[in-house]
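Protein sequences appear in the order of chains X and F.
Quick note on the numbering used here: the first sequence kicks off at 1 and runs consecutively.
Quick note on the numbering used here: the second sequence kicks off at 1 and runs consecutively.
The hints are simulated quantities; they were obtained by calculation from the structure and are not laboratory data.
Don't take each hint at face value.
[As the list claims (entries may be wrong)] Lysine-lysine pairs mimicking PhoX-like chemistry, simulated, CA-CA at most 25 Å apart:
hint : chain 1 : residue 1 : chain 2 : residue 2
1    : F       : Lys9      : X       : Lys258
2    : F       : Lys16     : X       : Lys170
3    : F       : Lys9      : X       : Lys170
4    : X       : Lys181    : X       : Lys170
5    : F       : Lys145    : X       : Lys258
6    : X       : Lys258    : F       : Lys16
7    : X       : Lys334    : X       : Lys181
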Amino acid sequence: MPTSDHVPRPPESALPDLLNAAPVRRVDSATTEAALVFAFAGSSSGGLFTDALDQAKVSPSTWDPNGYVEDLFLPAFVRGCFEPNVEGAGEGVVATSHLVNVLSSPPSDSATVEFRRSIIGELMRDSALRTQLEELYRALCVFRDRVELSSAADKWDANRRQLEILTGFKNVIELMADGFKSARSGLSRLTAFGNRVRGNEAYGALVDLLRFDDRLATVSFKVAIGADGRVRHLELVSVEENDENQFVSSPFRRWQAKFELLLRGFRFGDGEVMARLLDAVFEGVRSEWTALVQLLGDVEFYLGALGFYDRARAADLEVCMPELVASTEARELKDLFNPLLLSSGITPVPCQIETDRHDTTLLITGPNSGGKTRLLQSIGLAQLLAQSGLFVPASRARMALSSGLLVSLIQETRVDQTEGRLGLELMRIRSLFERLPPGAIVILDELCSGTNPSEGEEIFELVLRMLAKLKPQAYITTHFLRFAARLEREAELSDLRFLQVALGPDQAPTYQFAPGVAQTSLASQAAARLGVTGDQLLSLIEKRLSSAGPEA
Amino acid sequence: MGTYLANEKMSPALRKRIEASVRRSSRIAKPGLPIFVKTALRLSLIIVVLGGGAWLYVAWRQHLSQVEAARASLLQDVQENVIALDEADLRLRTNAQALLLSASMTYEGDYVSPSLDEPDVVSELLARPVLYVRGPIEAFQRTSKFERAIAEPVDDAFVHCLVDPPEERSELPLLRRIEAPRDMTRFFHLAEAFTIRPFASDAWSSQVHAAATLTEINRLRDSVKLARMDRAVLAVRAEILIHILDEPRTAGTFAEVDGASDHQVRVGIIDLTADATLLRLRRHVEPSWISEANRPYFARSLVACRLAADVREVLEEGL
């Protein structure tokens, strides 16, 4: 793409990267710039920004998204809780995939985590900055829409469309330069970028060209109105050309330019002259546009986090920036709730999770539909958000960062599977140890289910003993109540901790958790609740037989 | 290579980008003819248009020069002939009109000048340039009809037979005489003497100056040629005026096909240089003596030739 006339791209250090402590060019510059050139020229480019963001690199991370994205329903979380909630941003498309990619790859660099936390913190402390960020987002959306949308109507006046695109770009730069002067966090990069671009000769030419289009000359005249209210006559008072503008030239010069273009194979007219000037101005600034594509994704990330905060507060739930501690310190998650329930329109019931240290294996027991799986999701999402430097779904949190996350909640049957349920479970365990780094978080739902309890317990215990060698933060649910009770009683595995679903006076789950091992899974209650008692099934059978008639 | 789209107010970087834009865009393939072909065609068209305009201008200037040259040439040619005539010549019209008017009034009787008594005087007289006019007498009695009378010259062999009369006055010799070749270098119709007059006027000069095209100039030159200015110059200087005024036809008679009829004629010979009447005769003419075969075609000329013979006889022998 670069040619001898091409203005070089800005260095990485000058990029307004809001996601990394050290600025990184994450969007493919060559491809994106080429797409922007074609879009500016008038070709239909719907989805240019989204495509570029979808393909963007993420911060270096030791986390493997394959280990948790599906089980934590991360796309659903982003769509339901994490999308920017900005008035006036129109019906623009949010780069959901990009948000999922960014969230699913928490930075391994603690400086980057701290960088993001400081930005979030500043946005929460300074409402004016948040307002400016939302304004910047609106301007970026307008810019994106103008670049991407090329309707049939635009074909009639390509120059007008390009001028509007440049106006959109100018608005973005002005907002960046002027709107974040008070920022001390990474948001100050917006000011630096805006000022740098504003100081460029090419930007000055752009501003002049827009002024030229807006005001070539000022004509003053007097209007005489008669007694009947009608215009009697007009008197031209003065005509002032904006001679200081570098694009303003004499009528003879303009004619010469048009004639020159005619000889060069262009059309003869003011439109063609403007087209060449637009092209020249665009050439001077287009190398800055890729940064704005990346910036749109970054701004959506923070506005998504703020949107999560707003959504939670709207449901009388609290979110907080967690206190990051070492893994040997106590873990606390106060008023932890499941954001997936929130995104489904269900108000979740917050719960409390406390352990004396992080590097433990927490066995969670309790009845079906007691909230165990939801708890695992909450813990997984909370860790993910904390690792990304964002709010966690709790009113207070003390959390240790980890080297990875592995979540196994869903065991779907595949059409090509050759193993039975035990085999699948063993493969799950194998896969766990193949991928789990030391110090990572492991979340397993109903480990070793699908086989007879005695053999399953044996494997279960083996897993627990092997896991301890990796010192993970492990959260495992099980219905092996006797087994769990024995482990609690024997206390041979020093890293084991136990939680059970707290039941109410009516033996119904309260969605709270208490230390210990559950005494029952309350299967019979669950069966009664779901209509699977003997009497209920018999009733169903009789109904079917009667409806089938005498022939049956 | 610069471009008119850039100017001095712009930064060098912007100027460079504008130049690159023009160069780059002109290299981008567009549907249709290649750019260089389009440019070449447009340039050629402009050159053709400008060249055509220049050629038209040059041609127009040449045309103007040619018109001017033709105009000057025409004016010069006419002026040379006009200048060649002195005032006296230009007064011929007035004189001739007065003389003919006088001759058409009350007839003063036959007269032959005594100066014609000398031998060879008649031959010498008729060897001088002669103006001849013939027409109905009433045409010369009114100024308003004079122009029309002399505008249609009568070619009836009178002068030819007067200068070289036949030996006999019978039909056959007369016929041979009128059919013989005639040398008209010294004999002019009166109308020929007046063709120069229009070309000496301001109206003619204005017409020449107003002519804007060669076609108009040539048309005017053709009118000059038709005027036979060479003969006009000589006719204006003719020394002898011979006129025949035809009195009304004798009542009860008929005219022949060629106009010959039974009537009286007044013949006059005037020396214009001396302003003297040399001959004044009134004779009766009629065509009945002409054979049936020749009368329809030659009656007028035969009668005129016989009359000329009679007049010659009177000139030589007196009344």
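Against the structure, the hints come out as follows:
no. : hint                   : verdict
1   : F/Lys9 with X/Lys258   : holds, 19 Å
2   : F/Lys16 with X/Lys170  : holds, 22 Å
3   : F/Lys9 with X/Lys170   : holds, 22 Å
4   : X/Lys181 with X/Lys170 : holds, 17 Å
5   : F/Lys145 with X/Lys258 : violated, 74 Å
6   : X/Lys258 with F/Lys16  : holds, 18 Å
7   : X/Lys334 with X/Lys181 : violated, 36 Å
In terms of the numbered hints stated before, the structure departs from hints 5 and 7, listed from lowest to highest.
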